[in-house]
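Q: So the chains spell out like this:
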Amino acid sequence: AQSVAQPEDQVNVAEGNPLTVKCTYSVSGNPYLFWYVQYPNRGLQFLLKYITGDNLVKGSYGFEAEFNKSQTSFHLKKPSALVSDSALYFCAVRAKGRGKFQFGAGTQVVVTP
Amino acid sequence: KAGVTQTPRYLIKTRGQQVTLSCSPISGHRSVSWYQQTPGQGLQFLFEYFSETQRNKGNFPGRFSGRQFSNSRSEMNVSTLELGDSALYLCASSPAGGGNTGELFFGEGSRLTVL
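Chain order of the listed sequences is A and B.
For what it's worth, our numbering labels the leading residue of the first sequence as 96, then goes sequentially.
For what it's worth, our numbering labels the leading residue of the second sequence as 6, then goes sequentially.
Some clues are possibly wrong.
What the hints assert, rightly or not - DSS-like, lysine-lysine: derived pairs with alpha carbons at most 27 Å apart:
#, chain 1, residue 1, chain 2, residue 2
1, A, Lys144, B, Lys62
2, B, Lys18, B, Lys62
3, A, Lys172, A, Lys195
4, A, Lys195, B, Lys62
5, A, Lys117, A, Lys172
6, A, Lys144, A, Lys117
Hints listed in this document are in silico derivations from the structure and should not be mistaken for laboratory results.
Whole structure, please, built from the sequences with the hints as guidance.
A: So this is what it looks like as structure tokens:
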């Protein structure tokens, strides 16, 4: 079985400060890891993914994430948050090969001016 | 390239009715998945179709069903609607089947309200 945990329901950060959204996972074998963002009443938009290779993955809108195998984590980061980054963020895992995506519960990010 | 298209975007039904939601994947994508999103339960996987075959299924009652056509378009149907079926239903497509490392591409969703 696979699972994803996003331990924070909400993250509050001031504009210009670093933003981190935490994600830990459990999966048999090598994981494929993903981050998505959702704005109100919209679908999910893909930000970045880790499949293999470099543990630091860069994605859209200045976001990056670091894969840590020993800690089974895949935290999303942005060096300087913008008010427009306020949204709901989802981490997802998929076991290598066939299998459905498992999404975390989501973390609401609130960036204040 | 057009994205994933879901219709209708919004709909209101009453308890006991049935509803059909439609999803057109990105051209060339053969896998279509459906998710239910509610504030309390988050994103719940409904089912995945690939080449007209249901490949994975979530833990939903038999009132929830789906199908995929030869052109990869998909529909999902919910019969005997209950108040708890009120949700945002999201469709996602991806390029290929087994071994796919790619991400899912989501539509804007169909917002269903059951009164």
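Q: Against this structure, judge whether each hint is valid.
A: Hint by hint, here is what the structure shows:
Restraint check for lysine 144 (chain A) and lysine 62 (chain B): the C-alpha separation of about 24 Å stays at or below 27 Å, so the hint holds. About 25 Å separates the Cα atoms of lysine 18 (chain B) and lysine 62 (chain B), which keeps this hinted pair within 27 Å; it holds. Restraint check for lysine 172 (chain A) and lysine 195 (chain A): the C-alpha separation of about 25 Å stays at or below 27 Å, so the hint holds. Using a Cα cut-off of 27 Å, the hinted pair lysine 195 (chain A) and lysine 62 (chain B) holds, with the two alpha carbons roughly 9 Å apart.
With a C-alpha separation of about 9 Å, the suggested pairing of lysine 117 (chain A) with lysine 172 (chain A) holds against the 27 Å cut-off. A distance of roughly 15 Å separates the Cα atoms of lysine 144 (chain A) and lysine 117 (chain A); the hinted pair therefore holds under the 27 Å criterion.
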